[in-house]
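Going by my numbering, the first residue of the sequence shown is number -9, and it counts up by one from there.
Think of the hints as simulated: they come from the structure by calculation, not from any bench.
Mixed in with the good hints there might be a few duds.
Stated by the list, open to error - Pairs of lysine to aspartate or glutamate residues, derived as EDC-like cross-links and limited to a Cα-Cα distance of at most 20 Å, are as follows:
{"no.": "1", "residue 1": "Lys99", "residue 2": "Glu89"}
{"no.": "2", "residue 1": "Lys99", "residue 2": "Glu88"}
{"no.": "3", "residue 1": "Lys111", "residue 2": "Glu123"}
{"no.": "4", "residue 1": "Lys132", "residue 2": "Asp144"}
Said to hold, decoys possible - Distance windows between CB atoms, simulated:
{"no.": "5", "residue 1": "Asn140", "residue 2": "Leu69", "range": "29 to 37 Å"}
{"no.": "6", "residue 1": "Asp138", "residue 2": "Gly78", "range": "21 to 29 Å"}
{"no.": "7", "residue 1": "Thr(-3)", "residue 2": "Phe75", "range": "36 to 44 Å"}
For each residue, glycine too, the CB sits at the ideal point set by N, CA and C.
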Amino acid sequence: MVVVAMTASAILAMLGLIPFETLIFVSGTVGGAVNSFRRIQIISTAKSETEDAMTKRLVTIQIYLSPFVGGVFAFVLYLIFMAGFVQGSLFPIFASGEEGFTTFSDFAKLSIPDENVDVAKAIVWSFIAGFSEGLVPNFISKIAKEADQNNQSDN
């Protein structure tokens, strides 16, 4: 089911029927779903005698929410890349559109990965953002720390 969703989203995005950002979100949800599947395998092989009903309930909630959170993290990471906060050969480069925009939808249409390889990088990083739940919070913490240091040095 996850593969079908990812494939369908990719085809619809290529045809221009859905925004590219939808593919980014779906890639993150797929990463989150794969991580949940991996987590289920680990939990099933390491049965604990001390498991109580509350722990089981929390694990179940986490497994169901993980794909959604992965999609959100993928989209946030995509915005971090668009803003140029993280740069390097492993990260996507975006076309520098100088056209004005009035809505987020216009902004999203104008801010696209520069080349096909950048599209692939964005999709791979979106999957990674969904799979590795600590990646995006770590990026945000790093950006906030650097901004705080820059703010302190300006004063």
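Verification of the hints:
1. Under the criterion of a C-alpha separation no larger than 20 Å, the hint pairing Lys99 with Glu89 is consistent with the structure, at around 11 Å.
2. For the suggested pair Lys99 and Glu88, the alpha carbons sit about 12 Å apart, so the restraint of at most 20 Å is met.
3. Only pairs whose Cα atoms come within 20 Å are accepted, and Lys111 paired with Glu123 is accepted, the gap being roughly 18 Å.
4. For a cut-off of 20 Å, the pair hint linking Lys132 to Asp144 stands: about 18 Å separates their Cα positions.
5. At about 20 Å, the beta-carbon gap between Asn140 and Leu69 misses the expected band of 29 to 37 Å.
6. Roughly 22 Å separates the CB atoms of Asp138 and Gly78, a value that falls within the hinted 21 to 29 Å.
7. For the pair Thr(-3) and Phe75, the supplied restraint of 36 to 44 Å is violated, since their beta-carbon distance comes to about 31 Å.
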